[in-house]
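Visitor: Protein chains in written order, with this note's numbering: chain H, 1 to 268; chain B, 269 to 388.
Just so you know, these hints were derived from the structure itself, not from any lab. Backbone N, C-alpha and C define an ideal beta-carbon position, used for all residues, glycine too. Careful, some of the hints might be misleading.
[As the list claims (entries may be wrong)] A few chain H residues that don't get close to chain B, going by computed Cβ distances all over 10 Å:
1) Gly19
2) Ala23
3) Ala245
4) Ser253
5) Lys255
[Claimed, not checked] Which bits of chain B does chain H cover? Going by a derived footprint, with three or more residues having C-beta under 8 Å, they are:
6) 304-318
7) 344-353
[Claimed, not checked] Residues of chain B clear of chain H, computed beta-carbon distances all greater than 12 Å:
8) Asp360
9) Ala378
10) Val379
11) Glu382
12) Gln384
13) Leu387
14) Pro388
Chain by chain, the residues run as shown.
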Amino acid sequence: MMRRAASALFGLAVGLGLGLLYAWMISPIQYTDTTPDSLRADYQADYIQLVARSFAIDNDLERAHARLTALGEAGSAQSVTALAQRTAASGGEVETVRSLAALAAALGARPASPTPNANAATTELPGPTATPEPAATTQSTVIPSPTAAPTGTPAPSGGFEFVGKETVCDPKLAQPLIQVVTLSRDGSQTPGVEVVVEWDGGFDHFFTGLKPELGAGYGDFAMTPGLIYNVRLAADPSAVVTGLAVENCADNSGKTYPGAWQLVFREK
Amino acid sequence: MSRASVLTFVVFLALGLAGGLYFGWVVSPVQYVDTVPFSLHQSYKDDYILMIAAAYSGDGDLDAARARLTALGFDDPGPAVAAAAQRLIAADQPEADLRRLAPLAAALDAVTPELQPYLP
Numbered sequence: 001m002m003r004r005a006a007s008a009l010f011g012l013a014v015g016l017g018l019g020l021l022y023a024w025m026i027s028p029i030q031y032t033d034t035t036p037d038s039l040r041a042d043y044q045a046d047y048i049q050l051v052a053r054s055f056a057i058d059n060d061l062e063r064a065h066a067r068l069t070a071l072g073e074a075g076s077a078q079s080v081t082a083l084a085q086r087t088a089a090s091g092g093e094v095e096t097v098r099s100l101a102a103l104a105a106a107l108g109a110r111p112a113s114p115t116p117n118a119n120a121a122t123t124e125l126p127g128p129t130a131t132p133e134p135a136a137t138t139q140s141t142v143i144p145s146p147t148a149a150p151t152g153t154p155a156p157s158g159g160f161e162f163v164g165k166e167t168v169c170d171p172k173l174a175q176p177l178i179q180v181v182t183l184s185r186d187g188s189q190t191p192g193v194e195v196v197v198e199w200d201g202g203f204d205h206f207f208t209g210l211k212p213e214l215g216a217g218y219g220d221f222a223m224t225p226g227l228i229y230n231v232r233l234a235a236d237p238s239a240v241v242t243g244l245a246v247e248n249c250a251d252n253s254g255k256t257y258p259g260a261w262q263l264v265f266r267e268k
Numbered sequence: 269m270s271r272a273s274v275l276t277f278v279v280f281l282a283l284g285l286a287g288g289l290y291f292g293w294v295v296s297p298v299q300y301v302d303t304v305p306f307s308l309h310q311s312y313k314d315d316y317i318l319m320i321a322a323a324y325s326g327d328g329d330l331d332a333a334r335a336r337l338t339a340l341g342f343d344d345p346g347p348a349v350a351a352a353a354q355r356l357i358a359a360d361q362p363e364a365d366l367r368r369l370a371p372l373a374a375a376l377d378a379v380t381p382e383l384q385p386y387l388p
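Please work from the sequences and hints to get the whole structure.
Guide: Right, dumping it as structure tokens:
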């Protein structure tokens, strides 16, 4: 009896081992008809860039959304925004950043639909300027509604003109900012516009539309107290604002805190 | 070893084998999470090619288009673009898509007679 039990156990173990060897090593399940959500991260990023480039050409938001949905969570609007920010920070092609920003802005303005992505948890990745979000009430006083749907033609054909600037006093801002809003001729916000910030001994650049939750044409830059900044649009050097320095605001008790400059540019 | 023991061994070997295969193929199959575009389903490959063609129509960068097509597993991308175009024609896809595919096929020397009408 003991011998038969030992044989049974031995047979089972050998059979199980052989079965697993065959199933995992010799003939594993072949995935030849995969979906984009299984792509390696760098290929997913390339896929998103292609979706954005296509969107810039065909202006078909539903199609872009369907393509991104195939990526699962990696295709969320936040992921597109994060990719745009990473691409901009790493000095990627301007056209790519522009198209990603336009797509992110368009997805942000898109009505929510019950897709698997709509409720997906997303990871906030650090952008080129990790700045605090200005209060919505501050935004609404000057900036046209972010729900003004951006188009898929992000590259403005003409130049820009400087419309105006004002100080934004918001105690919630942890640091002084230069906030830039770019508008199209019809007044809707325009994403993907490159903004150059220069100061004595340095310069930097950023793109509008990489924080679509604050507006499709919104972008900002953290100021350093004591420096004087000039701000211009890369697409139109004539659209320039000079001599910006940190402006202090005061609350009701007289306590001061750094404010922000808000600059608005409009397409000619 | 008695005959009964051998029989028991063989029976349980078969049971173990079946159990191993079931576990390896059904319960816990090999997971592919970092795949390459080459493994995509044909419909996704065609859409990928279409997006590459759209990007090419915007920037005219043939080298970039060729590199992306190579990542899809096409060492000779021209015929692959032409074949994708044929499938899209057969599937009655929008003419605008074919008008983006045709120039890419032409740039890759792979224009078929069916694609001729969609060339600029």
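Visitor: State for each hint whether it applies.
Guide: Tested hints:
Distance check on H/Gly19: its Cβ comes as close as 2 Å (rounded) to a Cβ of chain B, failing to clear the 10 Å threshold; non-interface status is violated. The Cβ of H/Ala23 sits about 2 Å from the closest Cβ of chain B, inside the 10 Å cut-off, so the non-interface label is violated. Even its closest Cβ contact with chain B, about 40 Å, leaves H/Ala245 beyond 10 Å, as expected for a residue assigned away from the interface. For H/Ser253, the condition that its CB be more than 10 Å from all CB atoms of chain B holds, with the nearest at approximately 55 Å.
The claim that H/Lys255 lies off the interface holds: its Cβ sits roughly 52 Å from the closest Cβ of chain B, which is beyond the 10 Å cut-off. Given as covered by chain H, the segment 304-318 of chain B passes the check, having 10 residues with a CB less than 8 Å from a CB of that chain where 3 are the minimum. Here's how the segment 344-353 of chain B fares: 0 of its residues keep a CB closer than 8 Å to some CB of chain H, so the rule of at least three is not met and the hint is violated. Residue-level check passed: B/Asp360 sits 16 Å from the nearest beta carbon of chain H, beyond 12 Å.
In this structure B/Ala378 is separated from chain H by more than 12 Å, as the shortest Cβ-Cβ distance comes to about 20 Å. The non-interface label for B/Val379 is consistent with chain H: the shortest C-beta to C-beta separation is roughly 21 Å, beyond 12 Å. The beta carbon of B/Glu382 sits about 22 Å from the closest Cβ of chain H, which is more than 12 Å, so the claim that it is off the interface holds. Residue placement check: B/Gln384 keeps its beta carbon more than 12 Å from all beta carbons of chain H (closest about 22 Å).
Distance check for B/Leu387 against chain H: the nearest CB is about 17 Å away, which clears 12 Å, and the non-interface claim stands. Look at B/Pro388: its CB is around 15 Å from the nearest CB on chain H, clear of 12 Å, so calling it non-interface holds up.
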